[in-house]
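J.: Line by line, the protein sequences are chains D and S.
Per numbering that gives the first Met the number 0, the very first residue in the first sequence carries number 0; after that it's consecutive.
Per numbering that gives the first Met the number 0, the very first residue in the second sequence carries number 0; after that it's consecutive.
The hints are simulated quantities; they were obtained by calculation from the structure and are not laboratory data.
None of the hints are false.
Covered stretches of chain D (chain S as the covering partner; in silico rule of three or more C-beta atoms under 8 Å from a C-beta of chain S):
no., segment
1, 21-27
2, 30-43
3, 53-66
Not everything, but these chain S residues come out facing chain D in the computed CB check (under 7 Å):
no., residue
4, Met0
5, Thr1
6, Phe3
7, Phe143
8, Asp144
9, Ile146
If we take Cβ atoms under 8 Å as the criterion, some of the chain S residues that face chain D in the derived model are:
no., residue
10, Asn26
11, Leu155
12, Arg156
Idealized CB from N, CA, C, for every residue including glycine.
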Amino acid sequence: MEVKTDSTRPMADTRTTDVPLQPDPVIEAYKKDIDRGMLVNNLRRTVDERLRELLRMEAFMDELRRGRRA
Amino acid sequence: MTQFDVLLQTLTGAGVEFIVIGGVAANVHGSVRHTRDLDIVYARSAGNIAKLVAAMRDHAPYLRGAAPGLPFKWDEQTIAAGLNFTLTTALGEFDILGEVTGGGGYEDLLPHSTETTAFGVTFRCVSLPKLIALKRAAGRPRDFDAIAELELLLELRGSEQ
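Make a model of the complete structure from these sequences and hints.
T.: And the structure:
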């Protein structure tokens, strides 16, 4: 049986890289209030340092929650 | 308190196939926002579900927000019959997703993930562009400032190259 192909259809996108998203005006508005300096500093840390900081933050938040319940 | 370190060490030690998403993934990529839970997408093969169940069995997993005393059984049948579970455990809050909006399952996300190392273990984490896409696809207003921060991080990383 002959298999017909449609040469007008675009080839499947086999890229594994991520496709850039279009800017969202609502998201763009939120960017104005973000401390870029803090992000730049955090990007200087290793992943391990970032997650250890997250863990410290979680421990602190847990203390606050316990304090509220006391 | 969620013990992100012990959770990740437990999962990797048990050989569970998973990809970190959500707030912990955001922190991996440089976010300074706090998150209370570890979110993962897990492979839904029978073998991987068995490993996941065994890894968490001793840590009292239970449905978060559910009334106490419900007949929730943490076993392979339960995980296989369901898909996404938001859990409270002895190690803290832990969300396991078989599929995520805008991203699909583990195999779909795998090409959009990379290995990273923290707490002495190596695990897979969703890429920053894909994390942004997932948060956008979820469409929750409460995520707008988180998405803005992630997009800024992407811009900052791009400007470093």
